[in-house]
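So the sequence lines, in the order shown, correspond to chains A and B.
Once you know that position 382 of the first sequence is 381 in numbering that gives the first Met the number 0, the rest is easy, because the numbers rise by one and skip nothing.
Once you know that position 1 of the second sequence is 0 in numbering that gives the first Met the number 0, the rest is easy, because the numbers rise by one and skip nothing.
Worth double-checking, as some hints may not be accurate.
[Said to hold, decoys possible] With beta-carbon atoms standing in for the labels, derived distance ranges:
id: 1; chain 1: B; residue 1: ARG21; chain 2: A; residue 2: ASN474; range: 48 to 58 Å
id: 2; chain 1: B; residue 1: ARG21; chain 2: A; residue 2: LYS365; range: 30 to 40 Å
id: 3; chain 1: B; residue 1: ARG105; chain 2: A; residue 2: ARG230; range: 20 to 30 Å
id: 4; chain 1: B; residue 1: ALA40; chain 2: A; residue 2: SER353; range: 22 to 32 Å
[Claimed, not checked] Calculated from the model, a selection of chain A residues having no Cβ within reach of chain B, i.e. all distances over 12 Å:
id: 5; residue: GLU99
id: 6; residue: ARG105
id: 7; residue: GLU224
id: 8; residue: PRO250
id: 9; residue: ASN253
id: 10; residue: GLY256
id: 11; residue: PHE311
id: 12; residue: ILE316
Since the hints were made in silico from the structure, they are not lab data.
Beta carbons are placed, not taken as given, at the ideal position from N, Cα and C, and that holds for glycine.
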Amino acid sequence: MGQVLLLSAAFLVLVAISTASVLLVNKARDDSSWVVHTIEVENQTNALLLEIRRAESGARGYLLTGGSEFLADHQDAVARIIPDLDRLDHLAADNPAQVENLKKLRAAIEIRLDQFARETRFVKQGKLPDAAALVREAAASDTTGTIREVADAMRAEEDRLFNLRTANADRSEQLATLVTIAGSAMVIVLAAISIFLVRRSARARDEAEAALRDSNLNLEATIDERTADLREANDEIQRFAYIVSHDLRSPLVNIMGFTSELEELRGDIFRRIASLARADAAPALVPADQEEPELRGEDSRLSQDFSEALGFIKSSIDKMDRLINAILNLTREGRRTFVPERINIRELIEAIVSTLAHQVAEAGVKIDVDSLPSIVSDRLALEQIFSNLLDNAVKYLRPDVPGAISVRGRTKLGFAVLEISDNGRGIDPKDHQRIFDLFRRAGTQDKPGQGIGLAHVRALVRRLGGTMSVSSELNSGSTFTITLPINWSGGT
Amino acid sequence: MSNPVTILMIEDDEGHARLIERNIRRSGVNNEIIPFSNGTAAVKYLFGGDGTGQHHNGQALLILLDLNLPDMTGIDILRRIKENKFLKSAPVVVLTTTDDSQEVKRCYELGCNVYITKPVNYESFANAIRQLGLFFSVIQVPPAVS
Numbered sequence: 000m001g002q003v004l005l006l007s008a009a010f011l012v013l014v015a016i017s018t019a020s021v022l023l024v025n026k027a028r029d030d031s032s033w034v035v036h037t038i039e040v041e042n043q044t045n046a047l048l049l050e051i052r053r054a055e056s057g058a059r060g061y062l063l064t065g066g067s068e069f070l071a072d073h074q075d076a077v078a079r080i081i082p083d084l085d086r087l088d089h090l091a092a093d094n095p096a097q098v099e100n101l102k103k104l105r106a107a108i109e110i111r112l113d114q115f116a117r118e119t120r121f122v123k124q125g126k127l128p129d130a131a132a133l134v135r136e137a138a139a140s141d142t143t144g145t146i147r148e149v150a151d152a153m154r155a156e157e158d159r160l161f162n163l164r165t166a167n168a169d170r171s172e173q174l175a176t177l178v179t180i181a182g183s184a185m186v187i188v189l190a191a192i193s194i195f196l197v198r199r200s201a202r203a204r205d206e207a208e209a210a211l212r213d214s215n216l217n218l219e220a221t222i223d224e225r226t227a228d229l230r231e232a233n234d235e236i237q238r239f240a241y242i243v244s245h246d247l248r249s250p251l252v253n254i255m256g257f258t259s260e261l262e263e264l265r266g267d268i269f270r271r272i273a274s275l276a277r278a279d280a281a282p283a284l285v286p287a288d289q290e291e292p293e294l295r296g297e298d299s300r301l302s303q304d305f306s307e308a309l310g311f312i313k314s315s316i317d318k319m320d321r322l323i324n325a326i327l328n329l330t331r332e333g334r335r336t337f338v339p340e341r342i343n344i345r346e347l348i349e350a351i352v353s354t355l356a357h358q359v360a361e362a363g364v365k366i367d368v369d370s371l372p373s374i375v376s377d378r379l380a381l382e383q384i385f386s387n388l389l390d391n392a393v394k395y396l397r398p399d400v401p402g403a404i405s406v407r408g409r410t411k412l413g414f415a416v417l418e419i420s421d422n423g424r425g426i427d428p429k430d431h432q433r434i435f436d437l438f439r440r441a442g443t444q445d446k447p448g449q450g451i452g453l454a455h456v457r458a459l460v461r462r463l464g465g466t467m468s469v470s471s472e473l474n475s476g477s478t479f480t481i482t483l484p485i486n487w488s489g490g491t
Numbered sequence: 000m001s002n003p004v005t006i007l008m009i010e011d012d013e014g015h016a017r018l019i020e021r022n023i024r025r026s027g028v029n030n031e032i033i034p035f036s037n038g039t040a041a042v043k044y045l046f047g048g049d050g051t052g053q054h055h056n057g058q059a060l061l062i063l064l065d066l067n068l069p070d071m072t073g074i075d076i077l078r079r080i081k082e083n084k085f086l087k088s089a090p091v092v093v094l095t096t097t098d099d100s101q102e103v104k105r106c107y108e109l110g111c112n113v114y115i116t117k118p119v120n121y122e123s124f125a126n127a128i129r130q131l132g133l134f135f136s137v138i139q140v141p142p143a144v145s
């Protein structure tokens with residue numbers, strides 16, 4: 000942008016300089032021609048005066064000697080005076096002052112010429128005294144003086160004009176030179192600025208290119224580094240989860256074991272109590288190994304409380320065991336090596352559907368499997384992903400609506416997009432994140448489950464280089480969308 | 000059951016040790032049980048001060064081994080037992096919380112005789128221990144090797 004402005008400015012300056020130069024040169028030429036004109040006028044004036052003098056001296060010579068060569072010279076000069084005067088008239092027509100002067104000059108010259116004519120006539124007729132008188136008269140009227148004065152005035156005027164015009168011409172020339180120098184300087188400055196700008200942007204571009212090259216080179220290394228870091232972190236989490244779940248299990252074995260031991264003891268204690276109570280009432284023999292000791296009142300209640308407490312402990316242990324096992328399975332799944340192979344997803348899903356046949360028939364569900372792309376991925380992982388999703392879809396239908404589940408697929412930019420839709424009970428949007436968390440569930444808790452399936456599915460999808468999302472509203476079905484790379488190469 | 004078999008129990012968890020012992024006794028086995036709560040003490044007993052294990056030559060031993068020990072892994076102890084010419088005939092019963100198939104496979108490859116997972120379900124646990132009773136009846140005193 001700056002460069003374009005700069006170039007435009009330089010161009011404008013050039014145009015302005017050219018125009019100004021042309022104008023100024025023209026003006027200088029005009030001025031010079033005016034100077035020449037002045038000189039011409041002055042020359043012409045001098046020439047005229049010279050002719051008048053020649054005529055005068057011719058006339059005098061003729062008068063004194065009566066020689067015909069003087070007369071011829073005089074007549075030749077007289078003949079030139081009027082054309083010279085006309086030429087001067089023509090030259091000085093532009094100047095009113097000179098025109099005025101010329102008028103006076105012409106009047107004086109005409110008088111003088113008339114005197115010359117009379118003088119020569121008197122001389123020819125031989126009336127020499129008359130001619131001499133005429134010469135004296137002419138001298139007395141001072142026509143010659145007038146002519147000289149007027150001519151001097153004209154020369155003075157032309158001198159003035161000459162000075163003025165010379166000064167004008169000089170000024171024009173100086174101006175032209177100045178404009179040319181200033182313009183050239185400006186062009187040089189602009190050129191320098193644009194060279195500077197061009198070099199600066201070239202340098203910036205070179206630096207950017209170098210940086211780009213560097214970052215391209217570094218990018219690969221950085222990615223490898225980050226990937227290694229992530230893998231390490233992931234491995235650490237896996238190991239951590241594995242160790243934690245193992246070490247949590249160990250005390251659980253004790254808790255369960257000794258709870259069972261307590262249960263045995265409880266049997267022994269209450270049998271003893273029963274036998275003691277019976278011995279108090281009737282000191283008869285009581286079989287020690289009686290299975291169901293009869294307890295009364297307070298004792299019976301104690302026994303029930305004892306059983307209840309033990310029951311809660313045991314069911315809690317069972318639950319904890321299931322949770323720990325779930326974590327263990329997840330970490331095991333995380334450590335399993337995936338093997339990429341070409342898989343026909345439609346066949347894989349149909350196989351899963353056939354294993355669900357019993358539930359499907361019981362729930363009266365219609366499962367519709369579209370034509371699906373085949374992809375390269377891990378078979379076991381895909382089986383787990385789709386069987387979990389289909390299992391959920393069958394499990395969480397609405398009881399009053401006949402179930403319909405559809406599996407659709409398409410490909411997009413190297414990824415296979417697979418959608419599993421149902422018309423079941425749906426998931427509240429506020430729970431969309433929660434359902435993917437481990438041990439978290441959403442909606443009415445009327446079905447058995449640990450809250451593991453979707454967490455597991457999402458972990459698998461991620462390991463396969465894909466993403467998954469859900470779109471659902473309460474009571475209007477759910478659609479789980481899974482995007483997987485078509486050609487997964489394993490590794491990560 | 001007057002078998003001279005000595006039972007070595009290498010188990011760091013006292014609770015587990017107590018439960019194992021109770022169930023062994025309940026199954027009617029009255030053999031001597033020597034408990035160890037860490038790997039170092041067990042290794043010292045097994046291989047002796049010279050590390051050869053020669054003093055057990057000709058002795059009938061049964062080893063109950065936990066894999067998760069505080070100071071070493073049971074796998075190492077198993078390997079050393081099976082590499083030792085005086086001890087390798089002693090049956091080793093691995094008793095652990097790990098049911099990882101890799102781990103189980105590794106133990107069998109190293110020569111463990113029985114692998115028992117400690118289930119949280121106490122009935123299964125007790126049953127598994129009591130099954131060992133059968134085992135004792137078939138253990139023979141190994142011939143002494145020179």
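Here is what the structure says about each hint:
1. About 55 Å separates the C-beta atoms of ARG21 of chain B and ASN474 of chain A, a value consistent with the hinted range of 48 to 58 Å.
2. The hinted range of 30 to 40 Å is not satisfied by ARG21 of chain B and LYS365 of chain A, whose Cβ atoms lie roughly 57 Å apart.
3. With their beta carbons about 24 Å apart, ARG105 of chain B and ARG230 of chain A fall inside the hinted range of 20 to 30 Å.
4. Between ALA40 of chain B and SER353 of chain A the Cβ separation comes to about 57 Å, which falls outside the hinted range of 22 to 32 Å.
5. At roughly 132 Å, the least C-beta separation between GLU99 of chain A and chain B is larger than 12 Å, which holds for a residue marked as non-interface.
6. Non-interface status of ARG105 of chain A relative to chain B is upheld: no Cβ of that chain comes within 12 Å, the nearest being about 139 Å off.
7. Interface exclusion of GLU224 of chain A from chain B stands, the closest Cβ pair being 30 Å apart, more than 12 Å.
8. At roughly 8 Å, the least C-beta separation between PRO250 of chain A and chain B is not larger than 12 Å, which violates its mark as non-interface.
9. Consistency note on ASN253 of chain A: stated as away from chain B, yet its beta-carbon is not over 12 Å from all of that chain's, at 3 Å minimum.
10. The beta carbon of GLY256 of chain A sits about 4 Å from the closest Cβ of chain B, which is not more than 12 Å, so the claim that it is off the interface is violated.
11. The Cβ of PHE311 of chain A sits about 16 Å from the closest Cβ of chain B, beyond the 12 Å cut-off, so the non-interface label holds.
12. At roughly 6 Å from the closest C-beta of chain B, the C-beta of ILE316 of chain A falls inside 12 Å, breaking its exclusion from the interface.
In the structure shown, a violation is registered for the earlier hints numbered 2, 4, 8, 9, 10, 12, in ascending order.
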